[in-house]
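A.B. asks: So the chains spell out like this:
Number of protein chains: 2
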Amino acid sequence: MIVESVEAGWTKAECAVAKEAFDLAYEREVLTLITTLKSRSHAVSSPEDVWNLHDFLSAKRHEIDGKFDFRYSSLVFVFAGLVKDGLLKLSELEGLDKDKLAKIAALSRM
Amino acid sequence: MIVESVEAGWTKAECAVAKEAFDLAYEREVLTLITTLKSRSHAVSSPEDVWNLHDFLSAKRHEIDGKFDFRYSSLVFVFAGLVKDGLLKLSELEGLDKDKLAKIAALSRM
Chain A
1 MIVESVEAGW TKAECAVAKE AFDLAYEREV LTLITTLKSR SHAVSSPEDV WNLHDFLSAK
61 RHEIDGKFDF RYSSLVFVFA GLVKDGLLKL SELEGLDKDK LAKIAALSRM
Chain B
1 MIVESVEAGW TKAECAVAKE AFDLAYEREV LTLITTLKSR SHAVSSPEDV WNLHDFLSAK
61 RHEIDGKFDF RYSSLVFVFA GLVKDGLLKL SELEGLDKDK LAKIAALSRM
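Going down the list, the protein sequences come from chains A and B. For the first sequence, counting from 1, position 102 maps to 102 in my numbering; every step adds exactly one. For the second sequence, counting from 1, position 2 maps to 2 in my numbering; every step adds exactly one.
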């Protein structure tokens with residue numbers, strides 16, 4: 001991981017900021033999912049409801065696996081997506097260098 | 001379906017008994033699943049819990065799809081499995097001919 005981060009131009013301090021922000025966004029995403037899951041489960045009353053809930057969880061898992069891809073080479077795009085989806089604020093990425101922040105901000109508005 | 005049932009040696013009256021018993025067992029299976037789903041969802045508190053619940057639903061769906069196979073050619077085996085699993089009583093299959101009932105009873109004890 002260290003080697004990869006250095007190659008991709010991330011300092012040790014930036015790696016720490018990135019990891020913390022990434023985990024925070026993941027926690028938020030999963031908290032929302034848990035709330036939805038509890039509410040939908042509570043309302044389940046037919047076989048169709050069960051299978052619809054299963055399909056929903058399958059789709060969410062696939063989406064989350066794709067969205068939370070912690071590789072330094074793609075992390076700028078990942079963070080832009082998380083900001084766009086409201087899972088992170090730009091201010092929570094403070095500590096990254098200005099170039100990366102500017103890229104993330106620009107990409108998040110696309 | 002009519003053609004298939006006749007070929008497999010099921011009378012119209014037996015088809016009606018079979019359909020009712022099959023639906024009853026399915027309803028029982030799904031009711032148990034719904035109870036488990038609600039209880040497990042209520043206790044979910046981490047990402048791991050969510051993915052474990054999703055895995056559980058995937059496995060259950062696969063199991064139920066395999067168990068509830070309404071084809072007259074295999075229905076004796078299906079009913080034997082449902083009796084064995086406690087989802088049907090032999091008495092709920094009354095109306096089938098004695099040969100089929102004897103086979104189902106024997107297979108359900110294997």
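Please note that the accuracy of each hint is not assured.
[To be verified] Just a sample of chain B residues kept apart from chain A, beta carbon distances all over 10 Å, derived:
hint, residue
1, Leu24
2, Pro47
3, Ser91
4, Asp97
5, Lys98
[Stated by the list, open to error] Dumping the calculated DSS-like pairs for lysine-lysine here, alpha-carbon to alpha-carbon at most 27 Å:
hint, chain 1, residue 1, chain 2, residue 2
6, A, Lys60, A, Lys38
7, B, Lys38, A, Lys60
8, B, Lys60, A, Lys60
9, B, Lys12, B, Lys60
10, B, Lys89, B, Lys19
11, A, Lys19, A, Lys84
12, A, Lys103, A, Lys19
13, B, Lys12, B, Lys38
14, B, Lys103, B, Lys38
15, B, Lys60, A, Lys38
16, A, Lys38, B, Lys89
17, A, Lys60, A, Lys98
In short, the hints are calculated from the structure, not lab data. Values in this document were obtained by computation on a predicted structure and should not be read as measured data. Where a beta carbon is used, it is the ideal one built from N, C-alpha and C, also for glycine.
A.B. asks: Please go over all the hints and tell whether each is borne out by the structure.
C.D. replies: To see whether the hints hold, each was checked on the structure:
Non-interface call for Leu24/B relative to chain A: holds, since the shortest CB-CB distance, roughly 13 Å, exceeds 10 Å. The beta carbon of Pro47/B sits about 5 Å from the closest Cβ of chain A, which is not more than 10 Å, so the claim that it is off the interface is violated. With a cut of 10 Å on Cβ distances, Ser91/B stays outside the contact zone with chain A, its closest approach being about 25 Å. Distance check on Asp97/B: its Cβ is at least 30 Å (rounded) from any Cβ of chain A, clearing the 10 Å threshold; non-interface status holds.
Consistency note on Lys98/B: stated as away from chain A, and its beta-carbon is indeed over 10 Å from all of that chain's, at 33 Å minimum. The straight-line distance between the Cα atoms of Lys60/A and Lys38/A is roughly 14 Å, inside the 27 Å bound, and the hint therefore holds. A C-alpha spacing of about 19 Å is found between Lys38/B and Lys60/A, which places the hinted pair at or below 27 Å, so the restraint holds. Annotation: proposed proximity of Lys60/B to Lys60/A holds, straight-line Cα distance about 19 Å (limit 27 Å).
Simply put, Lys12/B and Lys60/B have alpha-carbon atoms about 32 Å apart, too far for the 27 Å limit, and the pair is violated. At most 27 Å may separate the alpha-carbon atoms for a hinted pair to count; Lys89/B and Lys19/B meet this at roughly 15 Å. Between the alpha carbons of Lys19/A and Lys84/A the distance comes to roughly 18 Å, so the proposed pair stays at or under 27 Å and holds. Straight-line distance between C-alpha atoms of Lys103/A and Lys19/A comes to about 18 Å, which keeps the hinted pair within the 27 Å bound.
Restraint check for Lys12/B and Lys38/B: the C-alpha separation of about 39 Å exceeds 27 Å, so the hint is violated. Annotation: proposed proximity of Lys103/B to Lys38/B is violated, straight-line Cα distance about 37 Å (limit 27 Å). A hinted pair counts as satisfied when its Cα atoms are at most 27 Å apart, and Lys60/B with Lys38/A qualifies at roughly 19 Å. For the proposed pair Lys38/A and Lys89/B, the alpha carbon gap of about 34 Å is over 27 Å, so the pair is violated.
At roughly 33 Å between alpha-carbon atoms, Lys60/A and Lys98/A are farther apart than 27 Å, so this suggested pair is violated.
Of the numbered hints listed earlier, those contradicted by the structure are 2, 9, 13, 14, 16, 17.
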